Each structure stands twice: as C-alpha cells, then as structure tokens.
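J.: Chains as they are written, first to last, in our numbering: chain Z, 1 to 296; chain C, 1001 to 1260; chain A, 2001 to 2368.
Hints in this document: simulated from the structure, not taken from any laboratory. One or more of the hints may lead you astray.
What the hints assert, rightly or not - A short list of chain A residues far from chain Z (calculated; beta carbon distances all over 10 Å): (1) Asn2027; (2) Ala2151; (3) Gln2198; (4) Glu2199; (5) Pro2294; (6) Asp2296.
Stated by the list, open to error - Pair ranges (Cβ atoms, derived): (7) Arg1003(C) x Gly2005(A): 33 to 43 Å; (8) Ile41(Z) x Tyr1018(C): 49 to 59 Å; (9) Ala1032(C) x Asp58(Z): 39 to 49 Å; (10) Lys5(Z) x Leu1064(C): 29 to 39 Å.
The structure presented is a predicted model; accordingly, all values stated were derived computationally and were not measured. Think of the CB as a built atom: it goes at the ideal place given N, C-alpha and C, for glycine as much as any other residue.
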Amino acid sequence: MQGNKRFRNFNIGTVWLWLGLFALLPQLALFLVSFLDRGEIDFFIPSFTLGNFKRLFDPAFVNIFLDSLYLASVSTIVCLLVGYPFAYLLARTSKRLRPWLLLLVVIPFWTNSLIRTYALIIILKTHGLINQLLLWLGIVDGPFSLMYTDIAVFLGLTYTLLPFMILPLYASIEKLDTRLLDAAKDLGAGTLRSFWHITLPLTSPGIVAGCILVFLPALGIFYVPEILGGATNMLLGTFIKNQFLVARDWPLGAASSILLTLILVLMALVYRMVNRKAAAADPLAPPRRRRRGRVA
Amino acid sequence: MKRKLGYTYVWAVYAFLYIPIIVVIIYSFNNARFSTEWKGFTLKWYDLLLKNQPLVDAALNSLLVAVCAATLATILGGMAALCIHRYRFTGKQLLHGSIYMLTISPDIVMGISLLIFFISINLELGFTTLLIAHITLCMPFVTLTILARLAAFNENLIEAARDLGATEVKSFLHVLLPITAPAVAAGWLLSFTLSMDDVLISFFVTGPSFEVLPLKIYSMVRHGVKPDINALSAITFSLTLVLVVLAQLLVRPGKKYRME
Amino acid sequence: MKNNGPILELRGVSKYYGSTAALHDINLEVENGEFLTLLGPSGCGKTTILRLFSGFESPSKGDVLLNGKVINDIVPEKRQLNTVFQNYALFPHMSVQDNVSFGLRMQKRPKAEINSRVQEVLRMVHLEDFATRMPAQLSGGQQQRVAIARAVVMNPMVLLLDEPFSALDFKLRKQMQFEIKHLQRQLGITFIFVTHDQEEAFAMSDRVVVMNQGYIEQSGSPQEIYEEPENLFVARFVGEINILEATILEVQEMGQYLADIDGVTFPLRTRREFAVGEKVLLLLRPEDLKVYRPHDEDLEGPHLYGRINETVYKGATVDLTITLTSGKKIQAAEFFNEDDADINYNRGERVAVNWVAGWEVVLDDAGE
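Construct all of the structure, not just a fragment, from the sequences and the given hints.
T.: What follows is the structure, given as structure tokens:
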C-alpha cells in the first residue's frame, strides 16, 4: 500500500511541478510584466504602471488589432465554410474508406507549416501557377502577382489552418447519431430543417473547437502574413514579436499579448458552454449504458 | 448526382491541400535556378543542401531537441494522463482544464511567457530552454491522446488487476501501459513533429548559440523562392509522410482489443 | 369516410441490399386499429418491414400501400405514420417539451395549439411535471415515454414501434407493455410493434407475424401461434417445445390416426393428412405433458417411461427434465395443485409420461 501511495504522489507531484514551473509561473510572469515599466538596461523594471494598457488604445495599435481581427475572422469563416461540408461528406463515406480519407487530412496537419506557406509562394507569385492558369484561360493577359495582397494572406491562413478546422468538425459530425436525423424526418422535418434543428446544434462543439483552433493561431502566426503579405500587413503577432525582438519594449508586448489570452479565455468559455450543453445531452450517454450493464 | 457533386467537392479540397506541396516537390528536381519552366531533371539542389553546413547543423540540432523533447513529453504526458484517469485528488479538474487550455493557447503567448520566465531566472537561452519549452508544448497533446484511448476502455480494468493481486505499479505496467502503448507511440510521434515544426516558440526561447531548422527555414523563405528550399521542403514532407503513416499503423492494430 | 380495407399493406415486396435479400416476396395486410407484432430473431427482416412503412427504405420490388394508395416514393417526413425508435433517438439538446413539440413545430402549428397538445400527451404518459427536463436527466423508462409522446402527439394513423423496450430492465418492461397496450386502446389507432421477445409479443398483440430470414413463417393470434405452430421454426421460436418422432400406423376417420412412438401406440389428432408408414413429428409444450409415478391410479392410456433428470422449482410450477427410455430428453412443467399428488420428484426417480389426447401438434418430418 505504501509503495502505491508513493507512486501516486510521485506522479501527481511531478506533473504539477512541471506545469506549475513552466506553464503557470511564466503566464503569471507575463501578466506581471504587463504592469511594469520598461527599463533602460533591463527589459523591465519593478515599478507599477497601467501605461502599457493605455497604449493599447493608441489609434495605431487599434488599427493593427482591428486588421488582425478582420484577417483572422475572415480566414476562420472561410475555413468553416470550406471545412464543414468537407468534414460532413467525409464522415458519411463508407467505414472502410474513412480512415484513409482522414489520413489525407492529417498529413498536411502534421507537415511543417513554414514549408506549406512556402509552397504557396510558388503558386501565388508572378509567373506562378495561378498566374499561368489564368493566362492560359485567357482571364488575364500578362504577368501579375497575388503575393503581398490580403487575398494571399487569407489563402495562406486558410491553407495552413484548414486541417485544424476539419479535424474537430469531423470528430463531432462522425459522433452524430444518424438515427436522430431519421427521427426528425419521421416527425416531418425536411433535409434543411433537420440540418438546422438537429445536425447544427449537435455539432456545435466541433464548430466552436474548430473556430478556436483556427482563429487564435490566425492572430498569432506572424510568419504567414510576413511571408505572403510582405510589410503591408502589420498584425498582432508581428507586433508582439517586434516588441520583444526589435523594439525591446517587453511590457508593451506583454500587455498586447494579454489581449490574445483574453480572447482565448472568452472562446474557451463559449466552448465550455456549448460543450456542456452537448455533454449533458450526449446521445448515448454513458449512464444509460452503465445501467443496462448492471442489469445484465 | 448529389453524390458525384459531393465527391468532386471532397477531391477539390484535397487538391487545394496538396497541389502546392506537390508543385514544390516537382520543382525541387528542376534544373533551373529562377525559372518556373521545366529545364530538366536534376538532383543538384539536394546536393547543395547537404553541403550547406550551417543548415545541416541546424537540422541536427532540431532533431536532437525533437527526440529529447518528444521522449520527455511522452513520459510526462503519460504521467498526467495516468493521474487524470486513475487518481482522485484535489485540483484534478484544474489539471485537466490547464492541459486543455495549453493545447489551445496560442504558441506565441507560450513563447514570450517562457522568454520572460527564463530571463527572470537568468537561464541562458539555448538547448536547455528550448527543450523545456518544447516539452511543455508537447506534453498536453500526449496527455489528451492517451486519455482518448483510455476512454475507450472499461474503467474497471485497473480495479480488476488490483482485485487479482497486482500492485498499483504492476497493474500500471501490465495492464495500463500495454493498452495505451499505441497512443503513447502516437503521442511521441506527434510531439516529434510538433517540435520539428515549431517556429513561434523557438523564435523566442533559443539563443544564437543553438540554431534550429525552422528558424533557418524562416530566414531563407523570407528571401523568396530558392530551389534548395524546394529540396528541403520535399525532404521534410517525405519525412512527415513516413511518420504519419507510422503513427497510423501504430494506432490501428490496437482496435482489435476494443470491446463493445 | 372510413376505408374498410387494410390500413397498411405490403404487396409482393422484396428488399435487396446488394445481392443479399432481406425480404422475399412479402404480402402483409394490417387492419385498421389492430395491434400487430412482427416477431423474429435479429436479421429476420422485421425491422426492414417497419422501415418500409416509415419510409426509410423503399422496396426493391412490390408496393407499400397506405389506405389503398401506393406510397413507395413518399419520403418519411410526408407520411402520416410515426415511429418510436429503438434507443428512443430523443434529441439530446432539446428539453422534453421541445422534443415532443418538434413535429408540430415542423408543421408550423400555432403556438397555443402546440402547447395544449404537448400538455395533453405528456399527461397521457404521466410526464407533465418533466416538460423542462433534458433527456439525459430522465430515467430509461421516462425517456421511453417521451419517445412515445413525441410520436403520438402527431396523431399518426399508425404508430410504429421498433423494439422500444430493449434498453429497459425486466420490471419496467412489464409495466411499459401494459401501458402501451392501454395507450393503444385509448387512441384506437393501429400499432405495429417489432420485437424478438415472444412473451412480449404475446402479451400485447392482437396478431403476431413470425418472421425468419426474410419470410413470414406464420401469422395469427398469439394463441394460434403458440398452440398451432405451422412449422418447426415457429414452434421452437415461441417457447419451449418437445419434439417426438412418430410413425403413422393406421389412418382412421376425421383426422384420427394411430402412431407408434418408441414402440408404444398413441392416438393422434390433426387436420393434416398423412399416409400409413409416414414419419411425423409430434410437438408438445412442456405444460401439456402429464407426469405420473409408475403406479399412480390416475395413469391411464398409452404412456412413455423415463427417469427424472433434473427438477427446477419455479414458484408456480416445477420444471422437470426427463430422460425417456429411448434416451431422448424432454421437458415437462407440472403445476402445483392443492388436491394433486406430491410433485416433488427425486432425481433418478422412474416416471410415466403422457398428454391430453388432441393437444399435440403433428407436422411432417420434412418440415424444418
């Protein structure tokens, strides 16, 4: 018994120690630094200020923030619109085919995102694939580049993050009990209405999870807009990075990153709400199954 | 008709995901420095790549960190999964919640918070800091992967082992570990690729003394299309392909244990 | 206005999935207001029939008719039939109220009407206090009632029930059987019930259709099915049965025969026709068998001897396993009876067995 207890305590202790030291403590430090002044020699000095947060209301920063929100939102919506029907169709293919089709989604998910962003350059640049295709179709009549445009950034973010949207969507759609759709039909709901009343609400945890996994990185990945958008789009991720590596204004960088954390917390709360509703309503909820087991 | 439309759509999305990568791989064999036209087959870009010593060094560094980080993250993540699955203790909900939050928390925030932390405790940026950061990055994914597998099994398994006289440690070794082995392996592979792929965190927590591949690639890519990057991309992609298929094969056979 | 023909009908219906046939040329008429049960082992096609009626499947051959009209191509949402699904298929994200009102909301009925009708059916299934609960907060029995209420509120012409009690424990099952039967009388509409449990089928139905491997084996009242099985499958599927081999010795008049069983001559009675020398099978329910001690004075007529192999006390009966002198094992159920002799047999005890003449079912030997 003694050994068991020691094994258990060792496990719990190590896990907490690691997370406390390298996840929670750094977050706390980040939070604290956002309330400090920047120093001449040190990156920050221990004097309390709200100045960093005030500076977040500068029109220049507000613009950056709104631009970032815009780009991230549009990319998220595009991912959702492309990803949902895709995930739905995938979840409805034959059981034998499904793992392979899913594998094809997972491969890009695991592929280095820098490499994938780089691959887009070849497609988008002057004389690139799209350019040549449009030339051949006669839609344009000369070389042009999609690089360094908003479209390139949307494309880049969608391309990089689409698998992050598809996977949670697929998971929730596959879980959906198709008998519920039968029941809805039986009660007189047509295809559209059973989608609206049954499929959509029951897959909402997947939708929210997908949106979180796309929206947050879309705000933070500075290299996609930097590589595809050039210098035209200063986004939140780049801004934060610059405060740490270029401008050396760590407190301001910390304060602006608090914004990201706030958005994260907000989205996580939405997810919790949606998920709790769905979990409370899990179609083949374990309690019932367990009860049946006890009888048998 | 509807079905056909559906299939077309699915393949169109796959095309969107894969065409850029395939194009890069094709160009990596193209015997032309700037042109997008096909000028004949060559392996010289691969040769050039292998002669680029700093790049090879960075790749080896990355590999070292990825292997170490994946291994330690797997152990630590496995322990966390065990705690959550098996034990009842105060703060368990908090632990589970923190692990979830870590998986969705933006990398950039983790990067800068660790940077501040390391500077505050005067730890020099380099191998150690990068390793710590990558372990922290990967561990929650391992935990969730293993927990997902455990959820598919009867919760009384350990009780059954204990009932038959196995100690806590033994029931862990003989029951839980074999059952979760595929998930543990998949977790390791996922950690490995996460570490190899990471740009955002590496950016902040590694120093000039320890260069890693993604940062090298980043600085190369910023300067536009170059054929040796094509070659590098092709190699990276092939490596990923092997790893993913490996992970898939590892997780698969475990299905036969699953009971209804 | 009332149509006197069958309310639902299958005419020459076959259903194939790829090359395997789930149903073979089925003809079935369902009378208005009857409680019909489709009974059979899993995979026998009973659920397929239900799904043909509800519209989730369409026949590969033949027609499905509702009130005399072919409805093969009418989608489920347009059919005035409703289903109580196996495992209920309650919408997990909607309250009881929302689940039950779903169909009416799809029809865009006025709010007031919806509310009053939902109230009414919830009262009918004794769930008026649970309207705001979510399905996951209900017990299995309550979920079952919601599923019933959700279908009944639509005023269907026919209610289809697909193994609705499979997830309930024994006691609850009994209670729900009673309630469903009561509900059917109250509503006066046709119920088509699918189950693999013969006791359940007998307890509830006006008519039972026994199915096997895509064919209808027999259709009739529970009593007919139990007492006059038309073939061995039906006989074996509905309850315990003893099968004895016999040879016809003599054909008498009016369906009377003399037959040899293990060297003993018994009189047989059957509507079926047999010739002398033909081998036949005798089907006897355990409760039809009478067991005597060898020297019992009540023992009369031809009988077989055997030894008690096993006795199981069942409360109302004692179940006996008897090994006949031929070596064949048979089952007998003896009822406790105040003025009856002691029926506590010992293992190994010698007994004599016969049955009330005329209670046997005789089938030809090929009837497998």
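J.: Which of the listed hints are not met by the structure?
T.: Of the numbered hints given earlier, the structure breaks just one, which is hint 2.
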